[in-house]
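J.: These are the residues of each chain, in order.
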Amino acid sequence: ILSYPRHPVLKKRDDFEDVLEERRRSSDLRYALRCYTPTLYKGLVPCKVSMLKSIVLQSDHLQCVIKQVSSESGDSTECVAEEASLILDEMAHRMQLSTVRFFVFTLSKAFKRLFRSVCVNEEGIQRLQQAVQEHPVVLLPSHRSYMDFLMMSYLLYMFDLPLPVIAAGMDFMSMKFIGEMLRMSGAFFIRRSFGGDKLYWAVFSEYVKTMLRKGYAPIEFFLEGTRSRTCKSLTPKTGLLNIVMEPFFKGELFDVSLVPVSISYERVLEESLYARELLGVPKPKESTSGLLKARRVLSEDYGSMHVYFGHPVSVRSLAEGKIKRSQYNLLPRYIPQKPSVDTHEFLNDAAFRLVRIQEENMVLKPWVLIATLLLQNPDGMDLSSLTEQTDWLRHLALAFGAFLDWPDHEACSEVISCSLALHRRLLSVSAGHVQLSVTDAPQVETTPEEAVFQRAVVVLSCASYRNQILHVFLRPALLAVAMQSANSSRKDDIYNCFNFLRNMFSNEFILCPGDSVQDFEEACYLLMKRGVLQVLEHEIVMSASGQSTLAFLCSVLEPFLQGYQVVCRYLCEETNENLTEKEFIPAVRSFCFVSLSSDLQKNALAALLRLKAVRKVKV
Amino acid sequence: MLLQNSTCRASEGQEIMKWNGWGYSDSRFLFNKKGQAEFTGKRYRLSGLILPSLKDWFEGTFGANLQHRSPATPSLNLSAVAPPHLNQPFVEDLKAAGLSVSHDPEDRVFRAHGHCLHEVFALREGRIGRVPDVVVWPSCHNDVEKIVELACKHNVCLIPYGGGTSVSSALECPREETRSIVSLDTSQMNRILWIDEKNLTAHVEAGIIGQDLERQLNERGYCTGHEPDSMEFSSLGGWVATRASGMKKNIYGNIEDLVVHIKMVTPRGVIEKSCLGPRMSTGPDIHHFILGSEGTLGVVTEVTLKIRPIPEYQKYGSVVFPNFQQGVACLREVARQRCAPASIRLMDNEQFQFGHALKPQVSSIFTSFLDGLKKFYITKFKGFDPHHLCVATLLFEGDRGKVLQHEKQVYDIAAKFGGLAAGEDNGQRGYMLTFVIAYLRDLGMDYYVIGESFETSVPWDRVLDLCRNVKERIVRECKERGVQFPPLSTCRVTQTYDAGACVYFYFAFNYRGLSDPVHIYEQVEHAAREEILANGGSLSHHHGVGKLRKEWMKESVSGVGLGMLKSVKEYVDPQNIFGNGNLL
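Top line first, the protein sequences correspond to chains A and B.
Sequential numbering from 600 applies to the first sequence in our numbering.
Sequential numbering from -11 applies to the second sequence in our numbering.
Some clues are possibly wrong.
What the hints assert, rightly or not - Output of the computed footprint for chain A on chain B, the stretches with three or more beta carbons under 8 Å from beta carbons of chain A:
#1 140 to 153
#2 520 to 531
Said to hold, decoys possible - DSS-like, lysine-lysine: derived pairs with alpha carbons at most 27 Å apart:
#3 A:Lys813 with B:Lys467
#4 B:Lys542 with A:Lys923
#5 B:Lys294 with B:Lys186
#6 B:Lys370 with A:Lys923
#7 B:Lys294 with A:Lys641
#8 B:Lys467 with A:Lys923
#9 A:Lys641 with B:Lys467
#10 A:Lys652 with B:Lys186
I should point out that these hints are in silico values taken from the structure, not numbers from a laboratory.
Cβ coordinates follow ideal geometry from the N, Cα and C atoms, glycine included.
The shape of chain B in the complex, shown without the other chains:
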């Protein structure tokens, strides 16, 4: 039974989350009084630890200085939020239908953004743009049907909201929207409805958050194995709507491989398949109109997913390569032999050093001695140049015997490319980095450093060229735009496929002395995307298009392709009820 009046039920999530940054309020990086970096809270492996090398890395990489602070506005200034533009009859009807509704400014602001740099930067400065006028929390599929029906009746704009981790401006309210904007928050639709152990499937409501889904399945001895870097906060519906990709896709597949059945409510009605058959030849797969539709066609309410028994054994690993080229060649060979572990990622030299800066204070002399010995062995004995070497992180899963066998196979391939096994610890730290990187951005923003990540997918033979050119383009664009200190421009290959790889870039710079840093940031990111496309990379591997990359859609899928998508939208949603303006 849901409460009717509901600021408090706006969900437990919102209470414990930052309103103007990434993740949990209790978890953040800071430089303590001694100038040492530490990570607060208790949630992560790094929590409560001191990171002695982070300061030097931070100051050295960005030319930043702990004296020069750029703190965020401490709390939301409610008067900066425009009063809601309510469609009263619609709100009345919602309430009459027993749905929980809010037009509290905090609830509305919280759902008005994703985590693009410009969105978070504006929040930190206390600038609030157009925000949804109403938030509504359906608790089941039928609620959603009701809401969509009412939205059509009263002609309001619906924007589905899942975990709020979008990095494509997908949650931004379109400026030109004159109707009342309603944020449809799926967070209350978070139940696993059934688990079918015979077919290894689970039927789940789409609002469930990744870590909850995984935890609840684990309790029953299962997992989906879908672990996008955002899985602590992102929702199942969001994964479907953006064609998400998980770290362990080599074993479990990406979201499109995982779904068996999708139920979506559209203004035309409910779209779903009639059975749970594992594959069909029934014309174009209608799931593919839904996957990646980015909330423009309707709300995904329920999804049947494949599940797997929890693997018996998990093992991290890492390999050091003398340079990035060798590393890429190794990954390519692993993909050729189709023996990729659950996850294999290759960080470039800059990211390797970044990872090192996050090493916590070592507890014993013995560990530090061991570290020194390792370093000596790699750089002096093996002759690796510390400014060129790079590291691949590995994660193996399965039954123990097979994992060990698999591990050997991969290390043998690595050895052919000059790779040296570098221990489980380095591997695990590499994966941790992806979970804390977003927190680190908030730290950077406290000291005049802004940055973001973006990704692409590219055929194998172009990986090296694309990485080099995009990184160099970023450096050059920053220089041309008056950025004083060379930016951090780094990449890693995060997924391998038969025909290519997914490449992920981090880009950050010190913006002291720049009058409009966000604009410069956006120009550089734009140039970097142009460079990606010119080098044979895709518009996006898994972040999606949103509004941020819309301008390239036609070029990416051809005029006819775009026309097809438009005509689907035209049929499904002629009133443009799902008017978030993404994609098309």
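With the rest of the complex left out, here is chain A:
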């Protein structure tokens, strides 16, 4: 199910439909108050929010952990149970249809102002409607914006699907009023870190599992754990995935459907906020007043938004032949068990594949192509050559299987000028010359540092668009760089080089662990089909016409190669013996200021640690 077709290009995708169209024509209030009768899970055990809580607290699993914790800490079981109850109060959602209706009303208004259109694949919705009835469903949207989960619930309401309960970070809770509103529309809150807290983990996992087992509502969470500030998918986390799969592993559910959802924005609301964050300006704390201040975003045009509901993935088929469920036979099922090595590997692999599906179903706008080109030409481009190259890139991207939303029947130049207009804040156009720049009127006394900072904000904002298409070019680009640096046309040498690069970048990009050979073959296939390479039995030879494609692909990876080089140089030249992790990012940033996002630095360090080039010493 999750194995990729060898010919990714042939992948068929559903058509989209704009769901705002209808909203622009009829009353939002009446819509928000309309009769909502969601399709239900066939095995649903109806259960009130308050009931849910007592089921969780009475569960064998939680009772068992309460006893454990009590005997370890010396506190009475009543005391620990009380603590568990408080944790659950802090965590639990209190879904209320009236609050949802309120959100539906306000969001209708907001979405219409923010977006030109919100496009959804209705076939995906139909598949979801089917899936929801058969097995408990887990929704796995990509995470680029706070908008994501609002939009998800909004759409599910719209299509008469059961409203999801959403795992949200505790940060929202600090937004007094909004936090509670979100709670009443189905969000439940989890602390960012609770590593060793057994009781917390038990309450949390039992809460999620209980809802899943009862078929209470679809569970929604973000595999990536947090919003990606770079628009590049983040390395997935497996904790929650394990929790939702365990009821299947232990036979409590026949199956669980995982539904990857790809949410793509033509313009992300948090665009420049992210760039600043990556450059070290701390993320503004979530607060209601902050939100009110952010109202000004409502006055801008964020283009269109696409939500693609992927094919439901059955956990049962995913685990077939990989998970031996009988490993759970010898221990009562309520006793918590750490996932075995095999299970862990399986979870990791599944998580990567699910994120890959998210990536593949992300809709790419023409601007993504333009941004890619503009970043490769820091001095700007003539409009005519930009048009020409964008068109060329468009065909390359399509050949590599990109899900490109290119308007039909429109001249290329038309499409480009539309894109440029929408993103005018990031560029300057004068006399037919397009260049990335700061268009905000330069303040009177900008220091040189501030100017550099401003520029870096633009570059990183722009990069976040380029990043959206990286997954399309990634494998061929790795091959292109490998060919360049291998200094040999022997397939083995190139593969070794490819493998090294892939390994090096596996914190940076979504590269399924263990898929090295498959990725290599895919890259060869794509480039061969494009006429760039000839792949012989033991050799890979570049075709004469392939030069420009290879050059382009190499420059796609160039900024990352450079960034990693900077990190390595810094570590070699500068570092004193006792560099702490905290100091690392500001230190690298001051070492080489320009175009280095903290994301890349973290990834590079993680890769170096993983490859054992750098050692971490606990102090």
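We have chain A; now place chain B onto it with these hints.
T.: Chain B only, in chain A's frame:
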């Protein structure tokens, strides 16, 4: 005194039994000219009765149609049976020893199979695979010793045969066997040798058939109380060899609890204990090498069994539950309180409806009025959903006062789980179902419907999950394999233990339009077994392993466990004389 030449003495049993289906030739289900189902013969409570609802149930459940028939080959085509591969010196020696021997094709075919679906299906189509080359009928322990000695001397393969009711491919001749295969039929060793009323034991030859044993003991005022569903045809030796379980094990125990002493002839000699002490601490119990050995080590010849006085009073009963979950919870509570009646079984909704389809035509308006009233009370007044409710059948035994007291206790527990007493009749019908179900399979096979049952045992906390998952797996596998109409996939909890329960599944489907139905059937059953194991169920509760479930043995008992069994086999039977290939 036995006859020497013996097709006729091949035993009275064979004459009155079907050669290609279950049970007695005179007893079968059929749809008469009016399209009504009836059960022929005179042997059963249902015999000679019309079953008016069976047709609708049958057509509705399987999407079958009485117009679409798939009749069996009427009689055995003798030319399809390969000529026997005789070990002449062995046969001579047998005859010289005065043993009755046959290589008549009918005798050989009759002993070449059990009652797995694929075995019966092949017979119905007239396909005959490898069959034993010779059948030999020992009449006592000494005969068996002689036969085994000769088999070792001439290196032939012996396959013990008792009642022939195996459902694990245990009787199938291994394809790779090149030696002459001899079926050792124990049916003539069928005497009760003595009864010891002081110790309440009986010493019985192992070839005796369950119902004969019980009847003969009853005549003396006793019973063993061991009543597996196959007891009309299965033998004492077979029970020992497969670790059989009886319906009333809650009072009398399973076969391993019933045996006091076993005598088995192996190629190494006779294995038995030296006394009839009720329990021993003499190392691992050697009985447990024999129990469940499935004919791979030797032939069980004589068994000393516990017996009990016939109970003064017997009473059936039944309880209706609003759903299966409640029913299981009730059974669990009954087991917790250790107050299970002689038998307690919980049928799921599908099986409840199945049971209803077997209701005979009611004789009076009054009964039908009463039935209607009952139905109204349960579904309308009590609000039970007819598509969810399920029924537990009960059998109480003992002295009258205690039975009534016991009955009250169980009904009180049931009431706590929403159970309503639903009468003796329903209970009795539930038990009857188990005796006629195998006959019903033959009816199904006349109309493109094939099916089978299989069982497992599982801890209490996993019963519900296992039942749901296995049933759903069956439905899903059928769909994926192109079975046109959803299958019948149903289960019941048939035994309760302190730590778990035995669950029994029925699975059947309409195979019209499928080119290789048996293969599909086997794939689905295989998947269902995988699902059972993945959900914490055992490989088998009482059917045994045979050749059908061999592939999972190592997983089930660990490599070391399997090695232990193998080394026992190695010591006891180094020549692999008992080469039926079961278990290991």
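J.: If a hint holds in the structure, say so; if it doesn't, say that too.
T.: Now for the hints, and whether the structure bears them out:
Under the rule that three or more residues need a Cβ within less than 8 Å of chain A, the assignment of the stretch 140 to 153 of chain B is violated, with 0 such residues. A count of 4 residues in the stretch 520 to 531 of chain B with a Cβ less than 8 Å from any Cβ of chain A is obtained; the coverage claim is therefore met, three being the minimum. About 26 Å separates the Cα atoms of Lys813 of chain A and Lys467 of chain B, which keeps this hinted pair within 27 Å; it holds. The hinted pair formed by Lys542 of chain B and Lys923 of chain A meets the criterion: a straight-line CA distance of about 15 Å does not exceed 27 Å.
The straight-line distance between the Cα atoms of Lys294 of chain B and Lys186 of chain B is roughly 11 Å, inside the 27 Å bound, and the hint therefore holds. Restraint check for Lys370 of chain B and Lys923 of chain A: the C-alpha separation of about 43 Å exceeds 27 Å, so the hint is violated. For a cut-off of 27 Å, the pair hint linking Lys294 of chain B to Lys641 of chain A is broken: about 50 Å separates their Cα positions. At roughly 24 Å between alpha-carbon atoms, Lys467 of chain B and Lys923 of chain A fall within 27 Å of each other, so this suggested pair holds.
For the suggested pair Lys641 of chain A and Lys467 of chain B, the alpha carbons sit about 19 Å apart, so the restraint of at most 27 Å is met. A distance of roughly 62 Å separates the Cα atoms of Lys652 of chain A and Lys186 of chain B; the hinted pair therefore is violated under the 27 Å criterion.
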